[in-house]
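Engineer: Letter by letter, the chains look like this.
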Amino acid sequence: MKRFRFNQQEIVFAVFALLFLVFSIFLSGFLTADNMLTLLQNVAVLGILGLAMAIVVIGRGIDISLIAALAVPPGLVLQMVQNGHSLPFSLLVAVLLTIAFGLVNGWLIAYAEVPSLFATLATGLLLAGLGQAVLFQLDVVQWSPGMNGFERLGQGTILGIPTSIWMFAIACIVVAFLLRQTRWGAYIYAIGDNPYAARVTGIPSRPIIVLQYVITALIGCFAGLVLAASVNSMPTRIFNSTLIYDVILVVVLGGIGLSGGRGGVLNVIIGTLLIGTMLNGMTIMDISYAGQNLIKGVVLLLAVITDSFLNPRNEETAQQGDI
Amino acid sequence: MRDTITSLRYRYWPDHLLGEILSKRWTETAIPVILLLIVGFAFSRSIDNFLSPASLADTARQAGEIGFIALGLALVVIVGGIDLSVGSIFALTDFCALYLLDVLGWPVPAVVVATLLCGAMLGAVNGILVGYLRLRAFITTLITLIIYRSAYDLLIQRYSNAIASAFPDIPSWDFIGAGSVFGIPTVALAYIVIAIFGHIFMTRLRPGWHITAIGGSRRSAYNSGIPVRRTIALCYVASGVLTSVGALFFASRLGTVGGDIGVGLEVIVLTATVLGGITLGGGKGSVAKSAVGVLIVLLITNGLTTMNARGGVNRMALAGILLVAAMVDIRWQKNRTRIISKVYVAPTYHELPPPPPTEIGQGGPFEQNDKLRVVEAIGLGRIEAPEDVILDRHDNLYAGSRHGDIMRFLAPDYQKMEVFAHIGGQPLGMAFDREDNLYVCIGGMGLYRIKPEGTVEKATDETNRSMRSVNDDSRLRLADDLDITDDGLIFFSEATVRYEMDEWPIDGLEARGNGRIISYDTKTGTTRTELRGLKFPNGICVASDGQSILFAETFGCSIKRYWFAGAKKGAVEIVMDNLPGYPDNINLASDGNYWLALVGMRSPSLDLAWKMPGFRRRMAKRVPVDEWLFPNINTGCVVKFNEQGKIVESFWDLHGENHPMITSMREHRGYLYLGGILNNRIGRYKLDNADPNFVQYDKRWGKQS
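Protein chains in written order, with my numbering: chain H, -16 to 306; chain S, 65 to 769.
Between beta-carbon pairs, the in silico distance windows are: (1) S:101 / H:117: 27 to 33 Å; (2) S:116 / H:268: 54 to 60 Å; (3) S:223 / H:8: 32 to 38 Å; (4) S:246 / H:125: 53 to 59 Å; (5) H:20 / S:324: 31 to 37 Å; (6) H:218 / S:286: 44 to 50 Å; (7) S:318 / H:289: 38 to 44 Å; (8) S:318 / H:268: 33 to 39 Å; (9) H:9 / S:327: 34 to 40 Å.
Covered, in the sense of this in silico footprint (three residues per stretch, anywhere, with C-beta under 8 Å from a C-beta of chain H), are these stretches of chain S: (10) 193 to 201; (11) 210 to 219.
Far from chain S, some chain H residues (derived; all Cβ distances over 12 Å): (12) 5; (13) 7; (14) 138; (15) 153; (16) 177; (17) 182; (18) 185.
Since the hints were derived computationally from the structure, they do not count as laboratory data. The structure presented is a predicted model; accordingly, all values stated were derived computationally and were not measured. Beta carbons: idealized from backbone N, C-alpha and C, even for Gly.
Working from the sequences, and respecting the hints, build out all of it.
Structural biologist: This is the structure we're talking about:
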């Protein structure tokens, strides 16, 4: 007889369904078309970021600098267009900046062997500081006429579904293809599962790690463009917010273990739905920003504790000083 | 001309110091200190009043507050974790102190105690999660950072007005914040006291050692019975308490609960910690490093603020420094031994004239022959590495072995072999004193004495440390050979002070005078260094005049005489130089001459390489060790020389079957006994025209006519 076992994504999905049901019944204004649209819009950016984070977490890393990649290059696009450069040229510069940033992250982690949490914590500060000190004139970079047409990336609907949702879907397909259908994707899983074994079998683990961080930064930049298009500006102070914890929450709750090598796009979608519903519900309940953070923090802590029980750290491959 | 310049450059430029300095543990603290001096100097030149007393006092107050937090973080990092929540704990405990004082009106001592308790509890949450539940420190404290911060935000929404409107006028509270003793701010004074205690705690007390051990290797610490989980948890508690101490001083100084208190503090403290040289991942760090790191970071941030840099610049500077420091530290820790082993070998210029001929038909005293072909083997395959051999008056044969034993072969047939004494290190040169004690030089250990019944005693294992040496040269690394004067003074050679026993060929590659001759007075038990800067001093023999010793410099290819008494006391003169091989042990012969073993013969290639230090340095850096050009020690001979340094006779094993490699020989009752450090046998060669009653040390001590 087959034993019936829940796996994590089923549990999380059940929790999401329950939460959705409870909110629908007890929260007035939750189950309305307007709110659903807002929920999905908010969730889209978070979901795209979750996909970016998922790639590095599967490869046994983490990228705290994701929000900097979300804020600074798209902000640069807006700023450059404001200053009179053409949109394609600005986009090109922003993409190059993002790639350079991803390369720095990847190099630090793969070649200089700085722990990923630590390296990205510092590079995130570095990029945000660069934006604050050199690139931007104001904290919120405003939309300018040169950007006209670009807002369709984040606003409006296609076939009745908000564009940002389409963007999330496209990102999902691209990442799923990358992870499941290409050799690089298989390498990322192998490195995440056991970096030493991956290296011994001849996988070019260092270039693959660099690639992970470049792709992550690019997806982060894409999320930033979608965000900027949907709100018609780039609030660069978003770097100081707790958005990064939401992203980690999405990934960890979705069932992508922090010890790497597990999970996929589906986990991100489930995690995004749960967090999106939770955040939306809390906003409707009018919980203060600090209160929301407190709740998110506690949930994240519980998720990490659960993760450490479900995916215990492997004493054989965990490195000494792996903080 | 070129050779002259090369020789002068290598004589006066101390190449060997770089490797020795790098292998010192204090270099890791010295680098941040130098950085601190540079930063301090740069800012004091570019900013007016940077070093004025008022500015310094202000810096000291900030440094004290941040210093406490950095101490806590240092503890956590040394134990192998990290604590990012310090900024939020700082804010929460700051709130706690001010709330208790301003709103609830508690007395100051109670406020202090309660705040410290609050810090301890907040730290304990981290401690339980990371220590007992074994979560990842980085992600866990990142989460508690956000939780504590939100709690703080919620609290100040309610109470900030009450706190802002209160103006407590309590002298003791003000003294904590703004007071000073002898011009030193209270906080700095408190920091100094705690730092000194912290230093003693980490270096002298058992819990401190436990912390370092866990950071160094968690599993080994667990296996050796250290309570790993509890210790880790307590480190986080200590971090919370120390942070709350910093917060107390901050609260009493400023008395505010602004929204941005403690925001980004963890990055500042982390930068200070890493910059000070406390290794991420644990196991290495000290209070001094933490203090130096805090000072550097504060000087930089204050300097930038004074120069009106934009907020982003400050942030970038901190992040950049943090990254560079972490990178340097990680690379250094990973490659430290490799870098040191690359730069440690520092060859020098060593020129020898072309050697005298040894080939058959060329004539000369070293002409090869096949006399040693008839040598009979004792203990064949049963003894390993008998560097030196010696016989007592009952004809028993003693020899050292690689396994750390002195073996004894019993007369008359030398078939029965027994362990005479177990020492534990490789026995090298041996000599009997007047009371039949056997003195032995033990490589890596020092000079030992073995009583006739076989008990082992240490004679000496250290000498006076020379002030000009970077390496600690007080310990004896490679005591090699010895002889005893009539006054009971033991002269023994130490081949090198830069390498261990197993690395001695590298000293030959360096060809620097790294060795020395040391005397040990058996009457007073004192040890002192007699001669320094010798090129691998090896064999030692008290000369027939009783006032001088003959000693061999293996890589100097020479025999020298050193007067320890008489009219020429202290003088050194050359007896023989430019030998065709590398001289090893020297011993008395029955006819008043001396026996000398040549352990290996010189080769033109190494002679040339010795004149090219740059070549040998490149070789040491780029080629694996087993491909290096080492002195040849696979063939050698025994020669007999007289008091004037003239070779009388030579003995070779032409076919290299029996005794190609000889480190020592001892004449005894008409036979010559041969030892070799790479041999698995002891040789016995019948001498013609030798005194059939000659027993070396009986003759020395006048027990035999």
